[in-house]
Amino acid sequence: MATSENISTARPVTSWRALLSSQRNFKRAQQVIIFIIMAIGAIAMIAPFEWMLATSFSRSANVAMPRIPRFWPSDPSIFNYKVAITNLPLVRYYVNSLIVTAASTLGYLFFSSITGYAFAKGRFVGKSILFIILLTTLMIPFEIRMIPMYLLMRQLHLSDTYAALILPFISGGFGTFLMRQYISAIPDELIDAARMDGAGEVRIYWQIMLPLVRPALAALAIFRFMWSWNDFLWPVIVINSTDNKTLPIALAFFEEDHRTNYNLLMAAATFIVLPVLIIFFAMQKQFVAGITMTGLKG
Amino acid sequence: MLKKLRKSLIWYIFVAPTFLLYGLFVAYPTFETFRLSFFHEVATRQEFVGALHYIRLLGNRVFLAALLNTAFLGIIFLLIIIPLSLVMASLLNNLRVWPNLFKAIYFLPQITSTVAVALVFSYVFQPNWGLVNGILRQLGVDPLPLWLAEPRYVLTGSRATVTILAVWVALGYYMLIFQAGLQAVPAELYDAAVVDGASPFQTWWLITIPSLRPTFIFLLITGTIDAMSRFSDLWMLGGPAGTPARSLQTIVLYMYQTAFESNDFNLASASAVILFVIVLALTVLNFRSFLGREFSGQSGA
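Top to bottom, those sequences are chains Y and D. Take 1 as the starting number for the first sequence in our numbering and just add one per residue. Take 1001 as the starting number for the second sequence in our numbering and just add one per residue.
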């Protein structure tokens, strides 16, 4: 800004033109500088992933890593991926992770929305007290509850099962809160009209509410999927048989056994990251909208 | 009366499953954590021992070190991430070329499995052939830093490495939240600044930053809770003991070790209660300072 003023006073005859062009130059220089800073940051973000990919596609298993980092695989092949599938066994863990993630995400959407509907539009004694009680969940981190939860699962003979990974996470204070906020904004006339037509609450919930709150459901679904897919602490506590492991703990224990087989480990890591990356790039818009709506991350 | 009750029955059915699960997995475990922390297991029977476990913890060097470590890692992380992400978000907000592409790229580490990210990072910072030391070697740095193998409080030690990891992972999320905050700043404020002849930096410092107060508070609260319960990435990099030399052990890692390696569920519960009290106190503190200022701001206007 200061430069534009100097130039305009120095050449008063063409002042408005000089001002315009110098301001345009200033804007352009500003854009270039910001772009360079952003690009440097972006390279720092991508480089570890690129290195992971390059290493995973390098043939040389169990060989010392090159002392100069390579961003392109030496002797490219999918050998490590084949080994990861047959030795890990990755397919089994993929199925485990998919079942657990799908069940807990669907459950979360269902219970959050139906409870949220009751709190938004229902009339019953104790409504506000119950809602406040539910909100206390937000104040109690999972880490505080994990020891009794583990002991409870053991007592119920549920430890080391899918149920142990799914049941505690199919409902929650945050989802209910978000759905209640969303459904509250829907006009009552819509529901009253449906009631006049003789529709019951279950039908109103299923046929009117659910389609209307689809954006909120999509946001919740994305985050629950990410969260469940990547969760580590609870599975590592409650799962102990090899067959029931989810992908993250499988990778963690695989790392302990194959510490020096870097190429293979990078292939296994790529397998875990891939589905989430695909979802992220396919649903980028909903993703950004979801974060700004909920403040949630992955 | 009966008719009214029957009418509201459906609503109770709608909320019942959520409250059943709430009771089982939130209310009961929370109370049980408190109860366990005052008991001791003697031959499969629980015996009341009062505050014994708390006294044990407060005299336990390992626990105190873990507590201090959690606080240290959390404070350093927040001191770096909040200014850095604010500056980056402000810059990105002014960029007209590919802003959404950059947004997506910066967000990548956040959506990636912590386990995979930590694994890749342990290789990136591997002293002999890692990506970072490989670049440093090309630049002629000698001796090369040890990164994760160096437990002391130095700028290239284990704590610094995991802080770089945490910042790398969280930057995109913090930027996104700041950007949402930036877009909510009323345009009239900026127009007024232009009329008053403020420079771009003055505008940013005197208008943008004060308007972002709710965003700061939100990020401080969630950031504090995340930092206090840090676990997975450190478990991958240093195991439950926070190797090397317990330099990476946090409270939750200590809890994990005490409960699931030493089988001392009572002592672990006491440490969970201490963690709970700290988290609650910090949240209330952050929230109070926010509400207090909001109210005084309103009375001033």
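There may be inaccurate statements among the hints.
As the list claims (entries may be wrong) - Footprint (simulated), chain D over chain Y, 3 or more residues, beta carbon under 8 Å:
id, region
1, 73-81
2, 91-100
3, 118-125
4, 145-158
5, 181-193
6, 206-217
7, 234-248
Since the hints were made in silico from the structure, they are not lab data. From the three backbone atoms N, C-alpha and C, an ideal C-beta is built for every residue, glycine too.
Is the coverage entry for the region 91-100 of chain Y by chain D consistent with the three-residue Cβ rule at 8 Å? As far as the region 91-100 of chain Y goes, the hint is violated, because 0 residues have Cβ atoms under 8 Å from chain D.
Are there three or more residues in the region 118-125 of chain Y whose C-beta lies within less than 8 Å of some C-beta in chain D? holds (count 6)
Taking 8 Å as the Cβ threshold, is the statement that the region 206-217 of chain Y is covered by chain D upheld or broken by the three-residue rule? With 0 residues closer than 8 Å to chain D, the region 206-217 of chain Y misses the three-residue bar; violated.
Taking 8 Å as the Cβ threshold, is the statement that the region 234-248 of chain Y is covered by chain D upheld or broken by the three-residue rule? holds (count 4)
How about the region 145-158 of chain Y: do at least three of its residues have a C-beta closer than 8 Å to a C-beta of chain D? holds (count 8)
Using C-beta distances, would you say chain D covers the region 73-81 of chain Y, given that this needs three or more residues below 8 Å? Three-residue rule not met by the region 73-81 of chain Y, so violated; n is 0.
Count the residues of the region 181-193 of chain Y with a beta-carbon closer than 8 Å to any beta-carbon of chain D: does the count reach three? Not satisfied, violated; 0 residues make the cut.
When each numbered hint is compared with the structure, violations occur for hints 1, 2, 5, 6.
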